[in-house]
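2 protein chains.
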Amino acid sequence: MLNSHALEMPSSYLFSEIGKRVSAFQEKHEADGPRIIRMGIGDVTRPLPGACVEAMRKAADEQADAATFQGYPPGEGYDFLRGAIAEHEYKRRGVNIPADDIFVSDGAKSDSANIQELFDNDCVVGVTDPVYPVYVDSNAWSGRLGSYSGGQWERLVTFPCTRENGYVASPPDGHVDLLYLCFPNNPTGTAATAKQLREWVDYANKHGAVIVYDAAYRAYIANPDIPRTIYEIDGAKDCAIEICSFSKSAGFTGVRCSWTVVPRELRRGGASLRALWTRRQATKFNGVPYIVQRAAEAVYSPDGRRQCAETIAYYMRNALKVRQALTDAGIEATGGENAPYVWMRCPNGMDSWSFFDYLLKEARVVGTPGSGFGACGAGYFRLTAFGSSEDTDEAMKRIALL
Amino acid sequence: MLNSHALEMPSSYLFSEIGKRVSAFQEKHEADGPRIIRMGIGDVTRPLPGACVEAMRKAADEQADAATFQGYPPGEGYDFLRGAIAEHEYKRRGVNIPADDIFVSDGAKSDSANIQELFDNDCVVGVTDPVYPVYVDSNAWSGRLGSYSGGQWERLVTFPCTRENGYVASPPDGHVDLLYLCFPNNPTGTAATAKQLREWVDYANKHGAVIVYDAAYRAYIANPDIPRTIYEIDGAKDCAIEICSFSKSAGFTGVRCSWTVVPRELRRGGASLRALWTRRQATKFNGVPYIVQRAAEAVYSPDGRRQCAETIAYYMRNALKVRQALTDAGIEATGGENAPYVWMRCPNGMDSWSFFDYLLKEARVVGTPGSGFGACGAGYFRLTAFGSSEDTDEAMKRIALL
Chain R
5 MLNSHALEMP SSYLFSEIGK RVSAFQEKHE ADGPRIIRMG IGDVTRPLPG ACVEAMRKAA
65 DEQADAATFQ GYPPGEGYDF LRGAIAEHEY KRRGVNIPAD DIFVSDGAKS DSANIQELFD
125 NDCVVGVTDP VYPVYVDSNA WSGRLGSYSG GQWERLVTFP CTRENGYVAS PPDGHVDLLY
185 LCFPNNPTGT AATAKQLREW VDYANKHGAV IVYDAAYRAY IANPDIPRTI YEIDGAKDCA
245 IEICSFSKSA GFTGVRCSWT VVPRELRRGG ASLRALWTRR QATKFNGVPY IVQRAAEAVY
305 SPDGRRQCAE TIAYYMRNAL KVRQALTDAG IEATGGENAP YVWMRCPNGM DSWSFFDYLL
365 KEARVVGTPG SGFGACGAGY FRLTAFGSSE DTDEAMKRIA LL
Chain P
5 MLNSHALEMP SSYLFSEIGK RVSAFQEKHE ADGPRIIRMG IGDVTRPLPG ACVEAMRKAA
65 DEQADAATFQ GYPPGEGYDF LRGAIAEHEY KRRGVNIPAD DIFVSDGAKS DSANIQELFD
125 NDCVVGVTDP VYPVYVDSNA WSGRLGSYSG GQWERLVTFP CTRENGYVAS PPDGHVDLLY
185 LCFPNNPTGT AATAKQLREW VDYANKHGAV IVYDAAYRAY IANPDIPRTI YEIDGAKDCA
245 IEICSFSKSA GFTGVRCSWT VVPRELRRGG ASLRALWTRR QATKFNGVPY IVQRAAEAVY
305 SPDGRRQCAE TIAYYMRNAL KVRQALTDAG IEATGGENAP YVWMRCPNGM DSWSFFDYLL
365 KEARVVGTPG SGFGACGAGY FRLTAFGSSE DTDEAMKRIA LL
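As you go down the protein sequences, you meet chains R and P in turn. Going left to right, the first sequence walks through residues 5 to 406 as this note's numbering numbers them. Going left to right, the second sequence walks through residues 5 to 406 as this note's numbering numbers them.
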């Protein structure tokens, strides 16, 4: 009677296992040494931009008056926000995305989990390895990946991202229908070049595949030659859905707002994916709070843009410090230049969980074991730049002493 | 390649068809008569309770300071809100629901659409007729209802709610696995008695079925003998999931907050539905904004409770006026006593859409054709109480003159 695919899914133990090990360590050693510094989870720590707070206060006041009260939001988002996104995220970068191809939502996680509902269950799904687990789990839940055994899904194609290919896979030789890419990448922190993205767009258009492009970390791209949106690549509107987020660009992890572009050009078997997504959202979603959409709009005000840029610069100073400290310590590391994540090779051939325990015990620093993101993450470790500047300095000082 | 079940779904034209007819009428007759009064859509119009606005302003300020900043919310909701719901919505009514069986979400629509993901695709689904379309469409999208032809889904069981059974169906003779009930009902405005609900709970426990109980309108129940939650019925924790909402109880249609109870007692085939829903939400959802959850918590403050009660009383005065005016005009009508909807029989044997056109033309009042909610809605019409008191009076005056 219950969903057998869901019941068959292996427990996602990554963050709960981290929590357990940290708690156990704390219980034993809380009192006898320096405090634990957390560089594991991808949550932000800096306060919301003042412009967004101001917009929320104003929107709250509007809700207090019948004349300005806002009820059900439009399912696809208010025009004021869709227009601001079209202008600032696309048009100002030379990319034309009509505002009504932009769908406002409550989070990149929701959209990247829900997007598979547009596809038939016999589609072949491909993901990079290592990977953000939501792409895999949402497809497994629907039964699109077959059975799970020996640590693998029967019908899942993976594209290994390794030090040999610079952590950016090339398209496969075989056929895939639905593929997920995330750049700048979580967890490796690598950004894809225009040439690399072009290979994927060409592959998708040749195979009739659809790319789900997760660009949640695009605001961290520093190199002007790296595409900030997949639509900078010719032909991408014919094959790609792009998912973006205010979580990391404006500190909205607790505010919940994101957007997804489903271009009107994107059709398969004569049907429009944009029409199907519109229908999906109208059936299962009732829109994003008015107050949240006003906060998101304020991200694009002059003050909001300046404040967001300052916060991103703050985190990126952390990222560069982490990358530099690891390199200075003779540890191989990538990322941290165009992304808030640094992906390091565990020293002395340690596996990911051994290094986790070692780092917790010896430096009292918590990171994320790379093996939690897929087979190719084995022997790797992720550190994030979202902590305070002081914590980051202190953690790197401790690591240098190891 | 695309979801063939979704592509096969008939267009949901109800509210867009209403919009089209109203626009066409306006274009022709805008200038030559009184303004149009809308009593069709279920959105509220009164401002948010002051206590909720105050809580939102305070929460916005907290987001502006690193010391009080809130990032990712807990996926199931903050303890402060789950605890307040457990206390005020259940314990004070003599029902014990542990706070951690309560899952906070962004809307009753999302949850009632997503809950079917817990079930296998061969489950037999049953709904009342007339029905809130989301229950049907979400199951159709997943392919659980088979093919659509002749206006019917191959594998959907319907329970007719007619004047003969007082718009509350009894359980069927045959077997159903997953069934949806909504009381007070949208669209008919009927509330189910304890005796009626007990029949359904007994049926579900006998058949191993699961009831999804949509109680979004429970705050409108005036009769103290009518259950406000299905858990007032013995045995309901073994078979029922309850979905509730702040949308209509506190005017949160534009704020977006709801909750769903999945009792720990509810198991099928040895598996816990609560564990499966926890997993579903952890995989596909990232929680409700901090500021929204603080606003919802304020619903239960002394001021919030008083303000919500005032607004509900305001709408219920409208509802009673509508019901009375129709009765005085010799029109058969139900609902409006324990629900914000009045369900009327179209006079003179008119069909739902003919009456829609007639009412629009002759009274300039917009309602919702009952046939849009299912075959049993044919010849019926829904009016809502969510307008202003002045508009409701004016609309009823016009109807009386027809």
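Hints listed in this document are in silico derivations from the structure and should not be mistaken for laboratory results. Where hints are given, some of them may not hold.
To be clear about the criterion: a stretch of chain P counts as covered by chain R if any three or more of its residues have a C-beta under 8 Å from a C-beta of chain R, and this derived list gives those stretches [what the hints assert, rightly or not]:
# : stretch
1 : 66 to 73
2 : 85 to 92
3 : 127 to 141
4 : 251 to 259
5 : 273 to 279
6 : 302 to 315
Every residue, glycine too, gets a C-beta built ideally from N, C-alpha and C.
Hint check results:
With 5 residues having a beta carbon nearer than 8 Å to a beta carbon of chain R, the stretch 66 to 73 of chain P meets the requirement of three or more and the stated coverage holds. A stretch counts as covered by a chain when three or more of its residues have a beta carbon under 8 Å from one of that chain; for the stretch 85 to 92 of chain P and chain R the count is 0, and the coverage is violated. For the stretch 127 to 141 of chain P, the stated coverage by chain R holds: 3 residues have a C-beta nearer than 8 Å to a C-beta of that chain, and at least 3 were required. Counting residues of the stretch 251 to 259 of chain P whose C-beta sits closer than 8 Å to any C-beta of chain R gives 4, which meets the bar of three, so the coverage hint holds.
As drawn, the stretch 273 to 279 of chain P meets chain R at 3 residues by the rule of a beta-carbon pair under 8 Å; at three or more, the given contact holds. Remark: the stretch 302 to 315 of chain P is not confirmed as covered by chain R, as 0 of its residues place a Cβ nearer than 8 Å to a Cβ of that chain, below the required three.
Hints 2, 6 from the earlier list are contradicted by this structure; the remaining hints agree with it.
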